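The residues making up each chain are set out below.
Protein chains: 2
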Amino acid sequence: MMQPAAIALGLRLRVLSADPQDCANQVIPDVATGHPSDLEAVLEFARGCDVVTFEHEHVPADVLDALVATGIPVRPGPGALLYAQDKAEMRARLSELGLPCPEWTPVASAADAAALAESTGWPIVLKATRGGYDGRGVWVVDDLAAAERVIDEAAGRGVKLLAEAAVPFVRELSAQVARSPHGQAVAYPVVETVQKEGICREVYAPAPGIEEAHALEAQRIALTIAKELDVTGMLAVELFQTADGRLWINELAMRPHNSGHWTIDGAVTSQFENHLRAVLDLPLGSPAPHAPLAVMANVIGLDLPDLYPAYLHCLARDPGLKIHTYGKAVKPGRKIGHVTVLGEDFEDCAERARHAAAYLRGEIDE
Amino acid sequence: MMQPAAIALGLRLRVLSADPQDCANQVIPDVATGHPSDLEAVLEFARGCDVVTFEHEHVPADVLDALVATGIPVRPGPGALLYAQDKAEMRARLSELGLPCPEWTPVASAADAAALAESTGWPIVLKATRGGYDGRGVWVVDDLAAAERVIDEAAGRGVKLLAEAAVPFVRELSAQVARSPHGQAVAYPVVETVQKEGICREVYAPAPGIEEAHALEAQRIALTIAKELDVTGMLAVELFQTADGRLWINELAMRPHNSGHWTIDGAVTSQFENHLRAVLDLPLGSPAPHAPLAVMANVIGLDLPDLYPAYLHCLARDPGLKIHTYGKAVKPGRKIGHVTVLGEDFEDCAERARHAAAYLRGEIDE
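Sequence order for the protein chains is A and B. Residue numbering for the first sequence follows UniProt numbering, beginning at 1 and increasing consecutively. Residue numbering for the second sequence follows UniProt numbering, beginning at 1 and increasing consecutively.
None of these hints come from the bench; they were simulated from the model. What you are looking at is a predicted structure, and each value in this text was computed from that prediction instead of being measured. Incorrect hints may appear among the rest.
One copy or any two copies: either way a pair holds, since identical chains are not told apart in the list.
To be verified - Using 25 Å as the maximum straight-line C-alpha spacing, the simulated SDA-like pairs for lysine to any residue come out as follows:
| id | residue 1 | residue 2 |
| --- | --- | --- |
| 1 | Lys196 | His355 |
| 2 | Lys335 | Ala6 |
| 3 | Lys160 | Arg149 |
| 4 | Lys328 | Leu13 |
| 5 | Lys328 | Gln26 |
| 6 | Lys331 | Gly10 |
| 7 | Lys160 | Ala61 |
| 8 | Lys331 | His56 |
| 9 | Lys328 | Tyr308 |
| 10 | Lys227 | Ala316 |
If we strip away everything but chain A, and leave its shape as in the complex, we get:
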């Protein structure tokens, strides 16, 4: 999804992809094949690049450091990426900055979890500090016995954990900002995200009914994190909102993020364009939305292997739909595309986006 923005800006992308079947290879001419943990492959790939950036956070620190040592700008840099890679580092740093995190503790043994629950009550949340994604690596545990099972199992696999209060949130928000090396930043409208089984299903931009003070606070949190952690490129701060309106930081992503896919069709400058502008230290573009409201629904693979008939039906049913398909093989639970609808009426936009996403995955057939 970076390629359309690169084409318009006149930038040439080179991609390192682990698998020649990766969807990036279908749309970008200059592709190198190699795993991001393969130092030689990464250095060979990076030769001649003006800047290296990422679409996920799973590049090992030693590879990042070796890249930096070559003198090629790496944006965001390893010093920032650490906080997107390691949730314990993130919690420690954000707490230090006085930003609103749920009560938390590193977990060396079940006693640490018990001590947290003593203060917060059960349930609590256990998280792998590294490598989680789309709900993987997160366990909500109701009592000490359940916590012990997760902790023992993680110890057996060498996985480090932290424990957090289970925030009694009423909804989840995402605040996205772009920041460039010379410190310019722009903040996108704060959106509401709807997750199901740990996977983002829908995004509403802006978050319906959000009070201006809360939206400004979410943007302030994201801008503060971007600045203090020296983030370059797009930063998404995923937040919990509790019934009293307060905001709690959940996760960070230092890259274009699913909660910003609506910006491709719905904003003057998409998150992909602003990510590219930021990592190249170009001036950033306006994050202003085109319409009062955008609803984005992910198409999550189910059991319909051939999207084409459904795609035809959806295009015919609704000429205002923006359907994006990723060229990925359909697997249950895999994000294979998304749909965006712009408009003014929430119920109308949401019905249209939901219908198309459900139809495309084969959940409904009328």
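Place chain B on chain A using the hints.
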């Protein structure tokens, strides 16, 4: 510019380009090199394509016919393309359909031009029936002596001419429609185009102050042409508007057209997306604009060979600009990019788009 639309729709493009340095090669992985008049190259390229379409009209008829004979859908087909390739055929057919063309005549000798001028008065316009582009192949002649010089010179080169009344237009308009093989069509807002030395400089969408009846008439003309000529894909009808508001057909283009570049950033469905949808017989997308007004300014090469510093300046000056650069070497008079601004106030949008286009080409430096 077709590639971003193809990526979003999940379509894979294969391009036949005459020169390995063509800008399409920079952004599309699957490129074949060959000239569109090279039958073997075209047939080899087309093997395995679901449909073949065009970004210019200069594919010879025998190549088109051979392509059609292979059974691969060619859209628009040779029967339609003829009217975009040959202005005499176009004038004859549109006159037959009762559509408003300037008075015209084929020119076999200077006597034909003189006979037309007898009826219309001087000046008249002489046009090469084939191969013209961006003002090339068009001569406005003030008297018979001037007409004779053009006619003799054309005869010497074997170029066929027609003669037309010089329409005393007050502005130029363009009406774009997309039409699919099964006959669905959508009409974009009618725009005003501003030419200088035969080259399009600016486009205003919609045409400022256009009366609804005139806009509807322009759309009716374009939809009629698309249907009667069996056009598939995008059709642009370039029109003259005279002081009495009347419309006169100037030229046809059967492809995405410069007058529709504003739709990339300014419409729910860009002309490139609707061209792809149309030639694949997919349902068409909404042509609705995102904003009350869009102004597009072409960046015409002058003597600034390195765009980058100007590009930086323009991005910094105006975060709402959509700058598109084409990856072409800068040559005087060559379209090397365009700029689009969306908004509500004409003077504001026009000033911003004009400033950026002039700065990018090196015409101004502040």
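Do the hints match the structure? See the list:
no.: 1; hint: Lys196 to His355; in the structure: within (17 Å within a copy, 48 Å between copies)
no.: 2; hint: Lys335 to Ala6; in the structure: both (23 Å within a copy, 19 Å between copies)
no.: 3; hint: Lys160 to Arg149; in the structure: within (14 Å within a copy, 87 Å between copies)
no.: 4; hint: Lys328 to Leu13; in the structure: both (20 Å within a copy, 17 Å between copies)
no.: 5; hint: Lys328 to Gln26; in the structure: both (10 Å within a copy, 23 Å between copies)
no.: 6; hint: Lys331 to Gly10; in the structure: between (34 Å within a copy, 17 Å between copies)
no.: 7; hint: Lys160 to Ala61; in the structure: within (17 Å within a copy, 69 Å between copies)
no.: 8; hint: Lys331 to His56; in the structure: within (20 Å within a copy, 40 Å between copies)
no.: 9; hint: Lys328 to Tyr308; in the structure: within (13 Å within a copy, 35 Å between copies)
no.: 10; hint: Lys227 to Ala316; in the structure: between (45 Å within a copy, 20 Å between copies)
When the structure is compared with the earlier hints, no violation turns up for any of them.
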